[in-house]
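J.: Spelled out, the chains give:
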Amino acid sequence: MISGLLQQVDSATGLDATLERSLDLIGVFFFAVSGGLLAVRKGFELVGVVALSLVTALGGGVIRDVVLGATPPTAFNDVLYLVVPLSAAGLVFVAHQPIDHQFVKPVQFFDAAGLGLFAATGAVKAAAFEVSAVGAVLIGVIAAVGGGIVRDVLANEPPHLFHPESRLYAIPAALGATVIVVAWRNGFYSGGVAIGAAVGVSVLRLAAIRFGWRAPAPRRA
Amino acid sequence: MISGLLQQVDSATGLDATLERSLDLIGVFFFAVSGGLLAVRKGFELVGVVALSLVTALGGGVIRDVVLGATPPTAFNDVLYLVVPLSAAGLVFVAHQPIDHQFVKPVQFFDAAGLGLFAATGAVKAAAFEVSAVGAVLIGVIAAVGGGIVRDVLANEPPHLFHPESRLYAIPAALGATVIVVAWRNGFYSGGVAIGAAVGVSVLRLAAIRFGWRAPAPRRA
Amino acid sequence: MISGLLQQVDSATGLDATLERSLDLIGVFFFAVSGGLLAVRKGFELVGVVALSLVTALGGGVIRDVVLGATPPTAFNDVLYLVVPLSAAGLVFVAHQPIDHQFVKPVQFFDAAGLGLFAATGAVKAAAFEVSAVGAVLIGVIAAVGGGIVRDVLANEPPHLFHPESRLYAIPAALGATVIVVAWRNGFYSGGVAIGAAVGVSVLRLAAIRFGWRAPAPRRA
Numbered sequence: 678m679i680s681g682l683l684q685q686v687d688s689a690t691g692l693d694a695t696l697e698r699s700l701d702l703i704g705v706f707f708f709a710v711s712g713g714l715l716a717v718r719k720g721f722e723l724v725g726v727v728a729l730s731l732v733t734a735l736g737g738g739v740i741r742d743v744v745l746g747a748t749p750p751t752a753f754n755d756v757l758y759l760v761v762p763l764s765a766a767g768l769v770f771v772a773h774q775p776i777d778h779q780f781v782k783p784v785q786f787f788d789a790a791g792l793g794l795f796a797a798t799g800a801v802k803a804a805a806f807e808v809s810a811v812g813a814v815l816i817g818v819i820a821a822v823g824g825g826i827v828r829d830v831l832a833n834e835p836p837h838l839f840h841p842e843s844r845l846y847a848i849p850a851a852l853g854a855t856v857i858v859v860a861w862r863n864g865f866y867s868g869g870v871a872i873g874a875a876v877g878v879s880v881l882r883l884a885a886i887r888f889g890w891r892a893p894a895p896r897r898a
Numbered sequence: 678m679i680s681g682l683l684q685q686v687d688s689a690t691g692l693d694a695t696l697e698r699s700l701d702l703i704g705v706f707f708f709a710v711s712g713g714l715l716a717v718r719k720g721f722e723l724v725g726v727v728a729l730s731l732v733t734a735l736g737g738g739v740i741r742d743v744v745l746g747a748t749p750p751t752a753f754n755d756v757l758y759l760v761v762p763l764s765a766a767g768l769v770f771v772a773h774q775p776i777d778h779q780f781v782k783p784v785q786f787f788d789a790a791g792l793g794l795f796a797a798t799g800a801v802k803a804a805a806f807e808v809s810a811v812g813a814v815l816i817g818v819i820a821a822v823g824g825g826i827v828r829d830v831l832a833n834e835p836p837h838l839f840h841p842e843s844r845l846y847a848i849p850a851a852l853g854a855t856v857i858v859v860a861w862r863n864g865f866y867s868g869g870v871a872i873g874a875a876v877g878v879s880v881l882r883l884a885a886i887r888f889g890w891r892a893p894a895p896r897r898a
Numbered sequence: 678m679i680s681g682l683l684q685q686v687d688s689a690t691g692l693d694a695t696l697e698r699s700l701d702l703i704g705v706f707f708f709a710v711s712g713g714l715l716a717v718r719k720g721f722e723l724v725g726v727v728a729l730s731l732v733t734a735l736g737g738g739v740i741r742d743v744v745l746g747a748t749p750p751t752a753f754n755d756v757l758y759l760v761v762p763l764s765a766a767g768l769v770f771v772a773h774q775p776i777d778h779q780f781v782k783p784v785q786f787f788d789a790a791g792l793g794l795f796a797a798t799g800a801v802k803a804a805a806f807e808v809s810a811v812g813a814v815l816i817g818v819i820a821a822v823g824g825g826i827v828r829d830v831l832a833n834e835p836p837h838l839f840h841p842e843s844r845l846y847a848i849p850a851a852l853g854a855t856v857i858v859v860a861w862r863n864g865f866y867s868g869g870v871a872i873g874a875a876v877g878v879s880v881l882r883l884a885a886i887r888f889g890w891r892a893p894a895p896r897r898a
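Residue numbers (this note's numbering), protein chains in the order written: chain E, 678 to 898; chain X, 678 to 898; chain U, 678 to 898.
No lab work stands behind these hints, which were simulated from the structure alone. Hints should not be assumed to be uniformly reliable.
Copies of one chain are not kept apart here, so a pair can be met inside one copy or by any two copies together.
In silico SDA-like pairs for lysine to any residue, Cα to Cα no more than 20 Å straight-line [as the list claims (entries may be wrong)]:
#1 K719 <-> A894
#2 K719 <-> A772
#3 K719 <-> P893
#4 K719 <-> R897
#5 K719 <-> P835
#6 K719 <-> R891
#7 K719 <-> R698
#8 K719 <-> R844
#9 K719 <-> F786
#10 K719 <-> V830
#11 K719 <-> H840
#12 K719 <-> N833
#13 K782 <-> R887
All values derive from a computational prediction rather than experimental measurement.
Could you build all of it, start to finish, from the sequences and the hints given here?
T.: As C-alpha cells, then:
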C-alpha cells in the first residue's frame, strides 16, 4: 500500500518521472558538495567527508520519509541516491581547493536549485499523506533544509541558517511549500505548479544572496 | 489499524479528550517559549527562533511516535500542535525581554507542567504498543525531555539536563512514567493515575528547583 | 508481517539465536561503557552518564530499525537491551576511575567486537528489506557507528571517527557489511559468513589501533 501510495505521489507531481529524478539527483549532488566542503574546512578525514556529503544530501529526505512512515526512505531504495553523493564526496576529497575557490557561484546556484526542488517534492509527497496543511508545509521545509542542519550539527556548529548574517534560506522554502500545499488542497495542483514553486524558491534564494536580504532578528537588549 | 490503536490509546488515558488535548497544548506552548528564549540568547534570527520553538515543543513527541511507528506523528496531523508553538515563537520574537526578565517563575512552572504531562502521555501511549515495560518508561522520559535535548543540540550546547548544576528533571519524569507503566501492567491504570503521575512529576520538579535538589555526579579524580 | 519478517531475519543470520543475542548484548555492554566514560570526562551527572550509555549502545540499532520501518526497535522490545546498558552505566558511575585507567585495552577490544557484530547484524537485517545493496551496506555501517556519533553530538564534540588522528573505524565496518551484502545477493550467505565478517571487522579495527592506520585526509592548502 505504501509503495502504491508512493507511485501515486510520483505520478501526482505531474512531472515526467525521469526528469523529476534527474532534477532531484542534481540537488543531491550539490548538497553533497556543500557537505563535503564543510568537512574539509573542519579538518575531517575521508570518513568525515563522506559522512557530511551523505547527510547533507540525503538527511532532509530521510527525515521526511521517516516522519511520514514511508520507510525504507527513497535514499536507501534507489541506488543512484547513494552513488551520486558518494561521487560528489570523492570529487571534493581530491579537488576541494579549486571547487572551494573557483566555483563558489556555481555551488550557490545549484544549492539554491536543490533547496527549491527538495521543498517542492517534499511538500508534494507530504500532501498525499494524512497530515495537516501546515504539517505538509513544515515537511517540505524539513526536506529542503534538514540535511544542512544535520551537516552543521555533525560539524559541531550552530546551524548556519539560524545566523543573523545568513541570507534568506528557510523562508523561501516555506513560501514554495505553501504554494504547493495550497494548490493541492484547492484542487489546482499540477506539474507546472511544482516547477513554478521550485523555481520561485531558487530565484528568491539567489536574490537574497545578491541583494543581502536577511530574516529579521529579535531586538537585542 | 494504527489510527484505531491511537484512538484506543486516547480513550485509554481515561481523560476527557478535549481536556487532555488542552493540557498537552499548554505544555507545547511553554516548551516552545523555552526554545524560543534560548534561540534569542544565542543570537539567532527569526528562523532560529521558530525552529528552536518547534523542536523543543514537538521534538519529544515526534521521536516518541517515530520510534513507536505511529507515523505521521500527532504534531503533523493535528494543526493546533503547530499553530500553538508558532504563536509562542512569534510572542518570544516580539516580547522576549519582558518574558525573560519578569516571567522566569511562570515559565518554570509551565515547563514543569509540560514535563509531567509529556512523561505521562508518552508512557501511556507507549504502554499500548509492543514494547517492554522498561522500554515504555524510557519512551515516556524521551517524550518529556527529548525536545529540550534537541533544542540544546541545535543551539550547539551540551544538554542542560546533563549538567551537575541542573536540578532534577529527567528523574521525576522517569518516576512518573514508571508509576504509569506499573499501573498499566498490573491492571489498575486509570485517568486518575495519569493525572496523579503528571502532577507528581511537576511538583517534584518544582521542589527540586525550590530546594536545589540535584542528581548525584560521579566522584571526580 | 513485520514480526514475521524479523523472525526470518533472525533465522537468516544462520546463528543460534541465543548465541547471537548474547554476542549482541556484549557489544551493547561495551558501547555503553564507552558512552558512560565520555559522560564522566565531560563532567555530566547521573542522567548524563545514563543517557550517553544508552545512546551509544542503542543509537545505531534504533536508527537502523527506524530507517527500515522495523518499529518499535528491538531495543524497546527486548528488556535485556535496556537492562544491560543501564547496568553498564551504573558500573561506570561508581567505578569509572579503575575502568578508565586500568581497562583501556579491554574496552578497546570489546568496542572493536561490538563494531564488528553491529556491522554484521545490521547488514544482515537490512539485506532482508527492500533496500539497494549499497543502502544495505550503509545501514550496516550506521548500525555500527551511529551510536558513537550520537554520543559525540550529545557531548557537544565533533564525531571522534571524523578526526584525522582517529584510527580506522567506519572503514572496517563498511568492508564487513559489504562482504555480507555481496554474499547475500549472490546466494552464498551463511552464519559462517556473518561470523567471519564480524571477526574480520574487529581484527582490522584492532590492527588499525596497534599499527596506527588512519584513513586518508584531504590535502591541506
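J.: Hint by hint, note whether the structure agrees.
T.: Now the hints, each set against the structure:
Proximity of K719 to A894 under the C-alpha cut-off of 20 Å is restricted to the inter-copy arrangement: shortest distance 11 Å between copies versus 27 Å within a copy. In this assembly of identical chains, the alpha carbons of K719 and A772 lie at most 20 Å apart only when taken from the same copy (16 Å versus 35 Å across copies). With identical chains, the CA atoms of K719 and P893 are at most 20 Å apart between copies only, with a shortest distance of 15 Å across copies and 29 Å within one. Taking the closest pair of Cα atoms, K719 and R897 come within 20 Å of each other only across two copies (11 Å); inside a single copy the shortest separation is 30 Å, beyond that limit.
Taking the closest pair of Cα atoms, K719 and P835 come within 20 Å of each other both inside a single copy (14 Å) and across two copies (9 Å). Taking identical chains as interchangeable, the C-alpha atoms of K719 and R891 lie at most 20 Å apart only when they sit on different chains, with a minimum of 17 Å there against 26 Å within one chain. In this assembly of identical chains, K719 and R698 lie within 20 Å of each other by CA distance neither inside one copy nor across copies; the values are 31 Å within and 39 Å between. Taking the shortest alpha-carbon separations for K719 and R844, only the inter-copy value of 18 Å comes in at or below 20 Å, while the best intra-copy value is 22 Å.
Taking the shortest alpha-carbon separations for K719 and F786, neither the intra-copy value of 23 Å nor the inter-copy value of 29 Å comes in at or below 20 Å. In this assembly of identical chains, K719 and V830 lie within 20 Å of each other by CA distance both inside one copy and across copies; the values are 12 Å within and 15 Å between. For the identical chains of this complex, K719 and H840 are neighbours both inside a copy (18 Å) and across copies (9 Å), given an alpha-carbon limit of 20 Å. Proximity of K719 to N833 under the C-alpha cut-off of 20 Å is found in both arrangements, the shortest distances being 9 Å within a copy and 15 Å between copies.
For the identical chains of this complex, K782 and R887 are intra-copy neighbours only, at 11 Å inside a copy versus 45 Å across copies, given an alpha-carbon limit of 20 Å.
When each numbered hint is compared with the structure, violations occur for hints 7 and 9.
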